[in-house]
Amino acid sequence: MNAIDVLDGGLLTTVQDLGRTGWQRFGVPVSGAMDAWALCAANRLVGNEEGAAALEITLAGPVLRIDGDGVIGVTGADLGASLNGRPLPLWQAVAVRDGAELAFSGRRAGMRAYLAVAGAIDVPAVLGSRSTFTRARLGGFQGRALAAGDRVPVGPCPIARGLEGRRLPREAVPSFGPARTVRVVMGPQDAAFTAEGIRTFLSESFTLTAQSDRVGCRLSGPPIAHLGGADIVSDATACGAVQVSGDGMPIVLMADRGTTGGYTKIATVATADLPILAQAAPGDRLRFTAVGIDEARAALRLERAKLDRIGPEEAATAPAPEIFEEDSGSSLAAAAYVELAGALGVPEAGRAEHGHALRAPMPGLVVSVGVAPGDVVAAGQPLLVIEAMKMQSPVRAPRGGCVARVFVQAGMQVEGGAALVEFEAAARRKD
Amino acid sequence: MQAAPRILHAGDSALVAEYGDAIDVRLNARVRQLQRTIEASGQAGLVELVPTYRSLMVHYDPMVLSHEAVAGLILEAAGHLPEDDREPARVVDVPVLYGGNEGPDLGDVAARAGLREAEVVELHAAGDYLVFMIGFMPGFPYLGGLPPAIATPRLATPRALVPAGSVGIAGAQTGIYPSESPGGWRLIGRTPVRLFDARLEPPALLQAGDHLRFVPVSRPEYDAIARDVERERYRPHVRVAPASP
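Chains as they are written, first to last, in this note's numbering: chain A, 1 to 431; chain B, 432 to 676.
If we strip away everything but chain A, and leave its shape as in the complex, we get (with noise of 0.2 Å):
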């Protein structure tokens, strides 16, 4: 891929990596992904380094076309990304043409999601960093959000084959509901606050306003007492902050935050769930939750881990065009896949008496059926479609072989693990 080519810009799109470190002392904001994890994800589905440049597209995404053949995965929200009219799974490696057209037709879940791209985006760092902020004008793409016209540059990718069909394992996905918990550190300030004042942060919910940008996510909710002012003597504020000034209410400082600021900080965000924050939309509801350093650690340890699951699909690779036929539920029926090929290797007896047995990964309705007896299918292709949550998803062959039975037809409602297809017992051993 050469560049990427800017037909909409959306409503915020920018250049952004982990952000600017070592220059908060000269009042130089860090900046860098809001969604730190999912910016990281994106990398390495594409085989980038995990804080390589992206892009972070925000609510309203851009409309993007790609020059030259490449790989590119989106993670974090779901805007409803498509890849030439046809949705884009999310949280996997996906092969894009030259010429090829990316776009968003609207939020379904989240704020942001990250565009990454094998080679990454090739802007010149500014202080170490590639991070856009905006407010001086620094890094990114002339330090500003995309618009149309602007050509993105890309550069090299030393990795130009095995990446398509990385995916972060469906278990692992984020989910962003409309209510959620945040873990958060006591302290700095928590000092500056009465009893009454911590409780109510405590147990009350609070909700993300509109006034919520990159430096902060802005929450209303019953003001939160301060013993004394809400002014302090100015101090440094980490990510995730959540400052109190004197109305009570609370602001968690996020990635544009000032590097100082003369106002109490009641808790700190942990880490790993600084995504949350990111992810939140207005009028969603937070509630927090005091936990420990070491819990917070602990935390941030398990999320890391979840990025090492990262990887190709257990089943050989599926030819690339047909991931543009599938629907965004491709990924569930793909990550139940995985078992199943590890499951498949146990003959279970009373279900299928010869060979192995493809189950179903879901409850569901059979909406088609594309094999039968005696075909030879291929590693990935796909044998039935199965409806479920209102998605359709395609069910694959986990590795080539002779369909021995077919269990099923169009209409039947099958159960979650029932046997859908049945391999001749000689297909397993030419793997």
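Everything labelled a hint here was simulated from the structure, so no lab data went into it. If a hint is listed, it holds; no wrong ones were tucked in.
Rough simulated footprint, nothing fancy, chain B against chain A, three-plus residues with beta-carbon under 8 Å:
#: 1; segment: 19-30
#: 2; segment: 185-191
#: 3; segment: 225-236
#: 4; segment: 250-260
#: 5; segment: 294-301
Positions of the beta carbon are idealized from the N, C-alpha and C atoms, including for glycine.
With chain A held as given, fit chain B onto it using these hints.
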């Protein structure tokens, strides 16, 4: 032995070493001593140190260091600060064209202080100011040392746009806008010198602990410096002052 700082929790990736909650020259110098001592340790896993008026924020990588280890490091360093808390400081001259279009509020400041404009300029440029810290926006110095006689409240209605380099007064503080921004400080002059340039490392003209002196310049001098800055030929006047305070 020095008094140990209080260790405050700032989440799972930063601790605060707090020496007090006042704006105080000695306390501020102690913060920087602690910063230098911790930096000299070369400890792996420290991400960055941010000194403020009265405290030091220590950002660390929680995948490398525990908070106990970082707290231990801070207290160990704090216990071994030099007895002599004076520090050699840089004195940076900042040329300022006072009044006129560059300082539209100079007349107001003078009137409120019951002084002539020239007296305000003389007072403002008389002594060294200490850079307590840099913050708020890239390169913005929090300065101590404004003569109380010319302290003036902020404008009731902030300006929509204040040019970069504007020198203003807000209450007991004086400061310089490093970049164009909205602002309510009373503007008494302007410097042609850049306080922040992201192409340079370090990107800011000033750092915490510096001393700053405003040097009144004439219109032709201002223009000449502005041209040099534009051509990237200007070098700020920096000298090393005797140890202070």
